[in-house]
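Asker: For reference, the chains in residue letters:
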Amino acid sequence: MRDFDDFVTGRSAALLRFAYLLTGDRHLAEDLTQEALVRVHRRWHAIVGEDGPEPYVRRAILRQYLSWRRRRASTERPIASPPDGPADLADLAERVVDADEMWTALRALPRSQRAVVVLRYYEDLPDAEIARLLGCAPATVRVHAFHALHRLRSVLTPAFSHPLPFRGDTS
Amino acid sequence: MSDVEHRVRDLLQRHATDAPAGATLLAAVRTESRRRTRRTRLLVAAVVTVLAGALAALPLRLAAAPVTVAAPSALTTPDASATVTFPLSPPSGSEAGSEAGSGAAEVRLAAGLPTLSWSLPGTDATATLTMSPTRPAMPATATPAAVRGRPGLAAVLPDDGVSLVWQESAEQWFELRAYPPVPVDHLAGTAKSLMPVPVTTPAPFTFTVVPAGYTIDNINTSAVTFCPADVPFDQSFVGKITVMLGVTGEQAPGRQVDVAGHPGTVTSSADGWTALQVDLGDGRLLVVQSAVRVPLPEPDLIRFAAGITVNPAATPGRG
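Chains as they are written, first to last, in the working numbering: chain A, 1 to 171; chain B, 1001 to 1319.
Since the hints were derived computationally from the structure, they do not count as laboratory data. Here a beta-carbon is modelled for each residue, glycine too, at the ideal position from N, C-alpha and C. Hints should not be assumed to be uniformly reliable.
[To be verified] Derived list of chain A stretches under chain B, where covered just means 3 residues or more per stretch with a C-beta under 8 Å from a C-beta of chain B:
no.	stretch
1	19-31
2	37-45
3	114-127
4	137-149
[To be verified] Below, a sample of chain A positions facing chain B; criterion: calculated Cβ distance under 7 Å:
no.	residue
5	Val-8
6	Ser-12
7	Gln-34
8	Leu-109
9	Leu-152
10	Arg-153
[Unchecked claim] The calculated label-pair distances, taken between Cβ atoms and stated as ranges, are:
no.	chain 1	residue 1	chain 2	residue 2	range
11	A	Ser-154	B	Thr-1143	17 to 27 Å
12	B	His-1262	A	Trp-44	19 to 29 Å
13	B	Thr-1076	A	Asp-6	50 to 60 Å
The following block holds chain A by itself, in its conformation from the complex (with noise of 0.2 Å):
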């Protein structure tokens, strides 16, 4: 199963950066990524349809993250990791504290707002696929944003704790 070890490989990064800002946790975007794969591992010529493999997977972390129990709630840890390789000291620095901000005000987030925010953006899906993704209508897409855009506002840094005027949620 050649195509497979060459899916792992080549998309495996791009997969686990999606589980990680969904949850926020290393070790639970792991587990996710993994089960995930799995699943494809076992009925790999199955699902390799015209849009591959990939877009099976997102989905099923996407499940998972959504609608399972979490597994390690109670270890999730609120500060990321710093990022592996050299990094300048300062540069570090200032990424925790930014990391600590927003992983603080993420995980305060109900899920499905947290998802919204993660599919909106960093994957840079429109009001009407996430609705399809989340099961609900654009216009709770909207508000599930407007809320999550709140939270996050009131808390990412000292700039952004003055009210600003809502300037729509439809990008």
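Given chain A, put chain B in place with the hints provided.
Answerer: Here is chain B on its own, set in the frame of chain A:
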């Protein structure tokens, strides 16, 4: 896009690189996949062995007294078709604010409460009107306001929405919310323009049988949840039986079964949930997920799924 949205996008892009490298992922996936394959084979072998032994021991009894399957007691005939009716309609012209894909006002059942949503014309806001038999909770800062000629309350909500609450009749309380917030006067004007024309939306599915003792607490365009008596209504799927419409290609692997002539797959987890996925043959996937404390027996799950008809207005949801 606002500054906050730019900031969120930037932070997500930057910190995505903090994700684990997954250097051992491929090996872990292969190991786990092999373990599950072995486990499945052992389970199948054990079942075959037990069945073979049972059949060998009871050939005469089977021949003399054919087994009849009793009607499962976990399912019952529904009292009525699943629909959601909201007694009021949005002001005329509200549909003009709907974006492509969202259609007109949306009626759904949310945590057991009929709910109506639509885009407020001339604003970026979405209005959500909920009907309940008791007065909805309001912040202590709520102030009196006249709504539709009745005494009501207005409040700016902690999450920055704005809300109006009023009572139409003895057991009909309404709450109208808007996100992002609009001026209270604007919202009161919207409430005043609500029309006493009921809006009824059928559930995305028609059921010939339903789980006995369960109550439907959520209906939207792609899913219906059946809530056990000992679980409070909410908008989640946890602790409930959920029927969803998806698209093929999302199937999880599992044991193959026949569901009224359609290929089905049964998947179970160590957490105690079971999912039956039925390929409808037209690109859509019917999913019946049982995440209840006392799960439906598999024959009932299959009979329940076999009695489900997908209505034309249903739209595939979560992937």
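Asker: With reference to the structure, classify each hint as holding or not holding.
Answerer: Hint by hint, here is what the structure shows:
no. : hint                               : verdict
1   : 19-31                              : holds (count 7)
2   : 37-45                              : holds (count 6)
3   : 114-127                            : holds (count 5)
4   : 137-149                            : holds (count 9)
5   : Val-8                              : holds, 5 Å
6   : Ser-12                             : holds, 5 Å
7   : Gln-34                             : holds, 6 Å
8   : Leu-109                            : violated, 11 Å
9   : Leu-152                            : holds, 6 Å
10  : Arg-153                            : holds, 5 Å
11  : A/Ser-154 - B/Thr-1143: 17 to 27 Å : holds, 24 Å
12  : B/His-1262 - A/Trp-44: 19 to 29 Å  : holds, 23 Å
13  : B/Thr-1076 - A/Asp-6: 50 to 60 Å   : holds, 51 Å
Going down the numbered hints, you'll see the structure goes against just number 8.
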